[in-house]
Amino acid sequence: MKTRSETNSATSEPRSLLRILGIFEVLARGAGGATLAELSSELEAPKSSLLLLLRPLVAHKYLTHVSGRYELGPSIFQLSAEVLASAGVTKILRPYVEELAARCEESVFLALIDKEAKTVTYIDGIDSKQPVRYSVPIGTKRPLHVSAAGKLLFAFQDLAWQKKYLKTAKLKPLTGKPLPDKESFEAQLQEIRASGIAVSMGEAVAGASGIAAPIVKADGTASYALMIAAPSDRFVQSLPALRELLQEVAADASATLRHMPGN
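Numbering (this note's numbering), first residue to last: 1 to 263.
Calculated directly from the structure, the hints in this document are not laboratory data.
Possibly wrong hints are sitting among the right ones.
[To be verified] Straight-line distance between alpha carbons at most 20 Å, and here's what the computed DMTMM-like set of lysine to aspartate or glutamate pairs gives:
1) 115 x 219
2) 61 x 44
3) 129 x 82
4) 118 x 25
5) 177 x 158
6) 47 x 82
7) 91 x 38
8) 115 x 99
9) 61 x 71
10) 91 x 116
11) 129 x 116
12) 61 x 116
13) 118 x 181
14) 164 x 186
15) 118 x 158
16) 47 x 25
17) 163 x 116
Owing to the predicted nature of the structure, the values given are computational and were not obtained by experimental measurement.
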């Protein structure tokens with residue numbers, strides 16, 4: 001019998017990816033794991049093809065292989081915990097997104113850094129009710145060096161990670177606005193860390209600007225940020241008030257986050 005992943009797949013989707021998802025689904029359904037023969041039968045896939053997928057999954061601890069049986073490994077449980085934790089954080093921080101949006105009357109977003117992909121993702125948000133506003137779909141990703149939230153969260157990572165990123169990254173502009181060189185950008189990161197505020201003026205989207213503040217964990221780092229975004233003309237006029245309001249709400253959100261386990 002095919003798993004849901006394979007049954008619902010389009011023919012253009014990579015077969016190996018669907019088989020990996022199928023392996024996880026089969027092992028998650030039953031206790032005690034499964035043998036190679038059982039996986040082959042369940043997924044209707046050749047043993048030789050499955051072995052090519054199973055070996056790296058075992059090597060990276062997404063699966064275990066003991067006495068001929070495959071079971072889910074510690075890495076997949078860790079990944080699951082991180083996904084659930086992220087979803088929980090979004091729910092807990094939602095009231096602060098709502099408060100900030102109501103008080104500033106501009107679009108507000110909750111952003112999360114992805115250090116592996118070197119991007120920032122907008123995981124929650126509320127669009128302004130004003131006729132002319134900044135709007136972006138939830139799930140949108142931005143490079144770290146061009147968005148207010150991206151630069152902010154970049155600045156709140158450890159220095160070793162920052163230097164490694166800057167050594168290999170190419171700081172490419174997304175709009176016609178030129179970007180600073182790496183030395184200037186590094187100095188900018190230090191200023192952001194000191195002030196707790198990052199501003200982007202037409203760097204990610206022409207005609208749009210944003211300001212971001214961190215939701216700081218107990219160790220002084222940050223994985224999440226609150227961001228206010230608006231059309232640039234209106235943004236510039238109200239920047240001082242937006243900054244004060246953002247810092248107030250972000251401080252309250254930080255206090256809440258620090259009471260969560262692991263933060």
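Taking the hints in turn, this is what the structure says about them:
Simply put, residue 115 and residue 219 have alpha-carbon atoms about 17 Å apart, close enough for the 20 Å limit, and the pair holds. This hinted pair does not check out: residue 61 and residue 44 have alpha carbons roughly 24 Å apart, beyond 20 Å. For the suggested pair residue 129 and residue 82, the alpha carbons sit about 33 Å apart, so the restraint of at most 20 Å is broken. Between the alpha carbons of residue 118 and residue 25 the distance comes to roughly 29 Å, so the proposed pair goes past 20 Å and is violated.
Annotation: proposed proximity of residue 177 to residue 158 is violated, straight-line Cα distance about 28 Å (limit 20 Å). Restraint check for residue 47 and residue 82: not satisfied, since their Cα atoms lie roughly 32 Å apart, outside the 20 Å limit. Between residue 91 and residue 38, the direct Cα distance comes to roughly 39 Å. Violation of the 20 Å bound is thereby established for this hinted pair. With a CA separation close to 28 Å, the supplied pair residue 115 and residue 99 exceeds the 20 Å bound.
With a C-alpha separation of about 10 Å, the suggested pairing of residue 61 with residue 71 holds against the 20 Å cut-off. With a C-alpha separation of about 24 Å, the suggested pair residue 91 and residue 116 falls outside the 20 Å cut-off, and the hint is violated. Taking the CA atoms of residue 129 and residue 116, the gap is near 35 Å; set against the 20 Å cutoff, the hint is violated. With a CA separation close to 18 Å, the supplied pair residue 61 and residue 116 stays within the 20 Å bound.
The suggested pairing of residue 118 with residue 181 holds, with an alpha-carbon distance near 18 Å, which does not exceed 20 Å. A threshold of 20 Å between alpha carbons decides the hint, and for residue 164 with residue 186 the separation of about 12 Å falls inside it, so the pair holds. Our distance criterion of 20 Å between C-alpha atoms is met by residue 118 and residue 158, whose separation comes to about 14 Å. For the hint linking residue 47 to residue 25, the alpha-carbon distance of about 17 Å falls within 20 Å, and the restraint holds.
Between residue 163 and residue 116 the alpha-carbon distance is near 14 Å, which keeps this suggested pair within the 20 Å criterion.
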